[in-house]
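Residue strings, one per chain:
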Amino acid sequence: MKFYFIAIMAMILFSSCLKQSIPDAMLASKNSGGKGSITATLSYKINGNPVNISVADADNQSLYSYYTLDCSKNTGYYNIEGISNSGEITFTFYTDSLTVGTYRRAISYYDPFVTSYNGENEYLYAPSDSITVNITSYDKGHISGNFSGALTPMIAAGNPYNTYGTPSSVLITNGSFKNVPVFY
Amino acid sequence: MNKKLFATSLLFFFIIQANAQLGVMKLVGNGTKDYKMGFGAFIKTGFPVSEGSDATVEIGVDIFPMDGGYGTAMCPLKAGYRYTLDGTGKGFYVEPQVGFNVYGITSLQDKNGEDVDLKYHGVIFAAGTGYLFSISNISFDVNLRYETVIAHGGSNNLVSLGISKSFGFGRRDTNY
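Chains as they are written, first to last, in this note's numbering: chain G, 1 to 184; chain W, 185 to 360.
Derived from the structure by calculation, the hints contain no laboratory data.
Check before you lean on any hint, since a few could be wrong.
Derived lysine to any residue pairs resembling SDA-like cross-links, with alpha carbons at most 20 Å apart [stated by the list, open to error]: (1) G:Lys-73 / G:Asn-85; (2) W:Lys-217 / G:Ala-106; (3) W:Lys-303 / G:Met-26; (4) W:Lys-274 / W:Lys-217; (5) W:Lys-349 / W:Lys-220; (6) W:Lys-220 / G:Lys-178; (7) W:Lys-210 / W:Val-343; (8) W:Lys-217 / G:Lys-73; (9) W:Lys-220 / W:Lys-274; (10) G:Lys-178 / G:Asn-146; (11) W:Lys-303 / G:Gln-20; (12) W:Lys-210 / W:Ala-225; (13) W:Lys-274 / W:Val-326; (14) W:Lys-210 / G:Asn-146; (15) W:Lys-303 / W:Ile-289; (16) W:Lys-303 / G:Ser-29.
So that you can see chain G by itself, here it is in the shape it has in the complex (with noise of 0.2 Å):
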């Protein structure tokens, strides 16, 4: 009897450990797919300066406002954002198919500016400017990977042309994202 007792009082401290709710589990499990929920990273130092981003339940993102960090896809290219209080940075890779591999990205008078910082945009302008990202691993709508980069600041916009500063002037250090989601 006491043997007995004390068992089940074992499973029920085991099972109280258990950090969510059933439905809490079932919802996670649903929506990535059966991995669990899962936290997106994304880091890097733009000239020495630290950002870092982290999202929880990434997969869960709302939907009726902008992601904070995901990769989603267009067409023929795909596009990395994410977003945090101190900066923004994106990258775009031209391809129809995702895979695991090395991008770089040069100079484009049509592209976004790629990242800004307490305010400030940089851009891929000059033609010494690059961003370079390397994708690790790319499992079940998930990528993670690091990148690496030189951009110009833009001094002021202006019409009909902004005013840059030094090119490749505006570092990108130490970039890794792990797990970020993809979507389509």
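Given the coordinates of chain G, assemble chain W onto it according to the supplied hints.
Just chain W, lined up with the frame of chain G:
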């Protein structure tokens, strides 16, 4: 056919000698703040295995409402071992139980605003204590129980306070 036979036998067993129980209960733990106080109804029976202890079988329905017509319902089927502390079959007792959630459903609105019905089963572990007494030869049981249902990597945990009264078409002097 076998399922029908089993269900009929179980029903017959409960009818011959059983307790009807009502309880109030509360879901506790993560993800339960939106639930109101729940309630449940049970039928419980058992047979003596020694002077002061009984093997018990219990089936019931637990309902935990939420605002907007949503909520959770579970149907636990449990077997237990009720042991009276003084060995007389009356007074204070402890009762560990194990069982199976025959049917569980949670209706809610997900983060996208869509109505979702989640259906599950799961194993059950429970530990309870209570007090058995009689008034005018009618047996009563006041009990407090902690119960957990485990399924899909999560658990529904509840605390229940219940009172039961014996009824039946067989013996009237039962303690069950």
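Each hint tested on the structure:
1. A distance of roughly 25 Å separates the Cα atoms of Lys-73 of chain G and Asn-85 of chain G; the hinted pair therefore is violated under the 20 Å criterion.
2. Only pairs whose Cα atoms come within 20 Å are accepted, and Lys-217 of chain W paired with Ala-106 of chain G is rejected, the gap being roughly 51 Å.
3. Between Lys-303 of chain W and Met-26 of chain G the alpha-carbon distance is near 9 Å, which keeps this suggested pair within the 20 Å criterion.
4. Annotation: proposed proximity of Lys-274 of chain W to Lys-217 of chain W is violated, straight-line Cα distance about 37 Å (limit 20 Å).
5. With a C-alpha separation of about 26 Å, the suggested pair Lys-349 of chain W and Lys-220 of chain W falls outside the 20 Å cut-off, and the hint is violated.
6. Under the criterion of a C-alpha separation no larger than 20 Å, the hint pairing Lys-220 of chain W with Lys-178 of chain G is inconsistent with the structure, at around 39 Å.
7. The suggested pairing of Lys-210 of chain W with Val-343 of chain W holds, with an alpha-carbon distance near 5 Å, which does not exceed 20 Å.
8. At roughly 37 Å between alpha-carbon atoms, Lys-217 of chain W and Lys-73 of chain G are farther apart than 20 Å, so this suggested pair is violated.
9. A hinted pair counts as satisfied when its Cα atoms are at most 20 Å apart, and Lys-220 of chain W with Lys-274 of chain W does not qualify at roughly 34 Å.
10. Pair hint Lys-178 of chain G plus Asn-146 of chain G holds up; C-alpha atoms about 9 Å apart against a cutoff of 20 Å.
11. At most 20 Å may separate the alpha-carbon atoms for a hinted pair to count; Lys-303 of chain W and Gln-20 of chain G meet this at roughly 16 Å.
12. A hinted pair counts as satisfied when its Cα atoms are at most 20 Å apart, and Lys-210 of chain W with Ala-225 of chain W qualifies at roughly 14 Å.
13. Using a Cα cut-off of 20 Å, the hinted pair Lys-274 of chain W and Val-326 of chain W holds, with the two alpha carbons roughly 12 Å apart.
14. Of the pairs offered as hints, the one joining Lys-210 of chain W and Asn-146 of chain G is violated, with about 47 Å between alpha carbons and a cut-off of 20 Å exceeded.
15. Annotation: proposed proximity of Lys-303 of chain W to Ile-289 of chain W holds, straight-line Cα distance about 4 Å (limit 20 Å).
16. For the given pair, Lys-303 of chain W sits about 14 Å from Ser-29 of chain G by alpha-carbon distance, which is consistent with the 20 Å threshold.
Checked against the numbered hints listed earlier, the structure breaks hints 1, 2, 4, 5, 6, 8, 9 and 14; every other hint is satisfied.
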